[in-house]
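Protein chains: 2
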Amino acid sequence: MPTHKKKPSIIKNKGLSLIPLGGFHEIGKNMLVVEYDDEILIIDGGMSFPSIDMPGVDVVIPKFDYILENRHRVSGIVLTHGHEDHIGALPYLLRQAQFPVYGTKLSLAFLEIKLREHSLLMDSKLFEVEDDGVYKIGDHFEVCFVPVCHSIPDACGLAIRTPEGVIIHSGDFKFDQTPVDNRKMNLGAFARYGDEGVLAFITDVTNVMNPGYTGSERRVGVAFKELFKDLTGRIFVTTFASHLHRIEQAIDVAVELDRKVVMLGRRMVDYINVSRNLGYLDVSDDIFVNEENINDYEDSDLLFLATGTQGEPGSALRLMAENSHQVQIREGDSVVLSASPIPGNEAHILRIINQLTALGADVYGPSHGVHVSGHASREEIKLLYNLVKPKFVLPFHGEIRHMRDFANLMKKMGHPKDNVVLGKIGQRIHITENKIKIVEKITSGVTMVDGLGVGDLDGAILNERKALASSGILVVTVFVSEKTKKVERVELEARGVLYFSQHKELLEKSEIILRDSLRAVKESDYIEYPKLKEKAEDKMRKLFWKYLRRDPYILTNVYEI
Amino acid sequence: MPTHKKKPSIIKNKGLSLIPLGGFHEIGKNMLVVEYDDEILIIDGGMSFPSIDMPGVDVVIPKFDYILENRHRVSGIVLTHGHEDHIGALPYLLRQAQFPVYGTKLSLAFLEIKLREHSLLMDSKLFEVEDDGVYKIGDHFEVCFVPVCHSIPDACGLAIRTPEGVIIHSGDFKFDQTPVDNRKMNLGAFARYGDEGVLAFITDVTNVMNPGYTGSERRVGVAFKELFKDLTGRIFVTTFASHLHRIEQAIDVAVELDRKVVMLGRRMVDYINVSRNLGYLDVSDDIFVNEENINDYEDSDLLFLATGTQGEPGSALRLMAENSHQVQIREGDSVVLSASPIPGNEAHILRIINQLTALGADVYGPSHGVHVSGHASREEIKLLYNLVKPKFVLPFHGEIRHMRDFANLMKKMGHPKDNVVLGKIGQRIHITENKIKIVEKITSGVTMVDGLGVGDLDGAILNERKALASSGILVVTVFVSEKTKKVERVELEARGVLYFSQHKELLEKSEIILRDSLRAVKESDYIEYPKLKEKAEDKMRKLFWKYLRRDPYILTNVYEI
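Which chain is which? The protein sequence lines are A and P, in order.
Using my numbering, the first residue of the first sequence is number 46, and each one after it goes up by one.
Using my numbering, the first residue of the second sequence is number 46, and each one after it goes up by one.
Among the clues, some could well be false.
Incomplete in silico selection of chain P near chain A, CB under 10 angstroms [what the hints assert, rightly or not]:
(1) Ile97
(2) Asp103
(3) Glu391
(4) His548
Distance condition first, Cα-Cα at most 25 angstroms in a straight line; then the derived BS3-like pairs of lysine-lysine [claimed, not checked]:
(5) Lys274/A to Lys457/P
(6) Lys274/P to Lys457/A
(7) Lys528/A to Lys531/P
(8) Lys436/A to Lys480/A
(9) Lys456/A to Lys274/P
(10) Lys457/P to Lys270/A
Everything labelled a hint here was simulated from the structure, so no lab data went into it.
No residue lacks a Cβ here, since even glycine has one placed at the ideal position from N, Cα and C.
Please model the complete structure; the sequences and the hints are all you need to start from.
Here you go:
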């Protein structure tokens, strides 16, 4: 082998690289590899919801191939916060390889809930970090966990000192000047790093297209009070179970109005209990009432905290809307949707609103001020950028429309075009003091989880599901005589296509056509009968299109008898 | 038969009734039967888009059973305007029974396009009406077509004089004080009927939850001008092909900026051509350029009008986004989405925005002022109500949340509670001078259209499609010996479930379990083998759930050989 042609691959990847495994050109499954020489640091490991193209898929996680192939080089995983799109994929990774995980107390607590569900908690190595604490991870990384405000407590941005320079990762953030827990964003830290000199800035751009500033979370507390004080029936508030500041404000108003609080939904109970145990929710036991005991109270004495902001099947809100929950919605109830729909869920949520209304409830949503975003709007992104004053900028937590909009913003702010990189999943983005460059593609992509199967589905299976969904399936069974090799019999079954009883002519035509056209089977076609199958499928496809303009999936089996 | 127990059914339905067949407790497929004694007048006949529960369904129309059973009593159909949700079902009705249709010129022209597609135009009886014209239809109805403003020209409200009193139907309306065509809503007419005394008022409540007033359509023209003047590349505007005022304003700005206009999409071409022929669009030939000739022009000289506001498959916008249109989107292009997403379409439209952005286009949407609604906001609904001063009120064009909100509004406005009726599809709402009452249910509901099949799908077939979509299908074929009645052979096929090659253990287990458990077939079970099938399905369901937590549809066929 001519060795002189061998590429110096080790040298090419020397120095500092960023490799997005998720969360770039998409919203969801955030995961970023930071690499220096032979050492790897991983930021977050999140899941996302299946897209409209993935029927039957439960969750989507990043492809871990690169990490697993280089597992001996991984020094650790650092968490920005405990949302599903930042920690939800870790159980799937950690059951294949053990890595130490660094995060704030609550982020780890929420990860622990997940690891316990996957029976992985025993083996895991979780290291709790302090706000503003600096941790040496491996030989080349020094990570500072800088407090930021977000729709979950204990959220952090990251300042990662590498031999090449400092990387600032915003985490998911907003500038809340009056956070509910008074844990403010450490502006000073970002400014300090900015003054020192920041090599690369990776920033949340989800809300870059929203002008101005995102409102403080406290606004929601004010809106709750304003709304709840006039309500005389039962109040149901639905929000993310991890949104403890929202939950705390709802509970505070409940206490003020002499209402008891009922938790509905497993995740709501789990998260509230864990958070209370850790001191993130300072509420006494006696304000809670068990679901079973609600009949001991007047309607005006109760406030429910329920899961199901996105209308998820099995969530408390969905079950109540479908009138299949133990707690039945009725005239006089008020339901407060304290969340925005995730794109794709709008129709489901509108259906739930209608169902709740039909049961007699008054429904209040974001237009009543009961929700604010947890992400920075345009002005806040500009502000953080100006604090950090980076050499290179990489937007994350955005689809391409957000990333392009951010690139335009950077242009307007005078940032050199070549120093803004809209990274993609699987790209190795190599960074030196003077240059940022995409140097190679690594194995990356999407792993779909369906039930217990992780990664066993692919596009072909999804296409089968989509075809089955839109027009059903026609199962054609052809019996060929083992001796004569002639077609003896043809059977037809349809599911999701039509009732043959209503289309008798079509059924008769189908049987005639199949029999006639399949009688002669060529000798070369024996054993697997591919031509026979092809012919049957072609005939049936044309017939169904002509008669019904329908295009069912056709499955043909040929059996020798 | 004891005749004395026979109910006096003829007398019960004497007088005036309203029977909604669609458009009540839903947005879409508007159709209302007005009945006086033995005479029927039909208002509109619209279609709707399939809900999230209807995979593979093309369109949804009202069930016509009541109309067809009483076809000899129908005096005619009156149209409020030419939108799909008001005329789209008529071809399906008129091919079963011929009724005269009354409408303004453009409403009929758009209906004609549809009738021609269904080869029904020759047989149809279409009567053009004048604005404010009064038409006697049958013995008991006198209908006045009162001009209103909406997102299509020639829209009308209806004043229907019956022997019992006057019914006012708002049509789809808004108060546009500066309509593009200067055809203003006839406020005087509504006031006059109000002063005379209105028995029942049926009003559009789609936007009742929007506070204030809907903006004038002219605002969009201003926004177009403001936006387009700074754009130097090609401009693509997508809007509903029937929204001629929107189209006219886009063309006017194009002409002003020396741009030629290119129509993309069959429906855009059809509607614009028909509208020009009828004088609804006064633009000269020379401003249009054919799609084939666009390369003769500079980018800055072109404006495209394209179909596909809702991301419909096959529409110009969708094809361009997927890069499979002859006109290819590229860097420098601007795409203007001059429409709002219909709930359920958001995710598709966001995908298209991302696809267009990835191709290099800048995308502008409603947040840039390039869309206003065609429906009245809360204050306008209040205003029309106060003009009309009705005895009884019935909201239409709303889901239950809109209807309930409207009922609350009526309460605040002091309207007696018993005089507000939230009608449902299939209810006969009987109205006398003093009383409004739901007296019976007639056959009604939803007819699904899939390809050429109209009404041949039902919930069971849709449930099959949904089951197939979420987990695929497992086809189990069992061969039983004709002589011994023993199971001889078992075959398994899966589509949309898994690859057996990746789950060999599961495949082996399946085959063993099926063979073992099916060996003994009881004599009582011959012929159809129901117990054999049941057993096979039960075994397979449990096995797949245990191994994969998947629940495929299982189709078992038993064949004697």
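Handout entry: Hint numbers contradicted by this structure
Key = Hint check: nothing fails, all pass.
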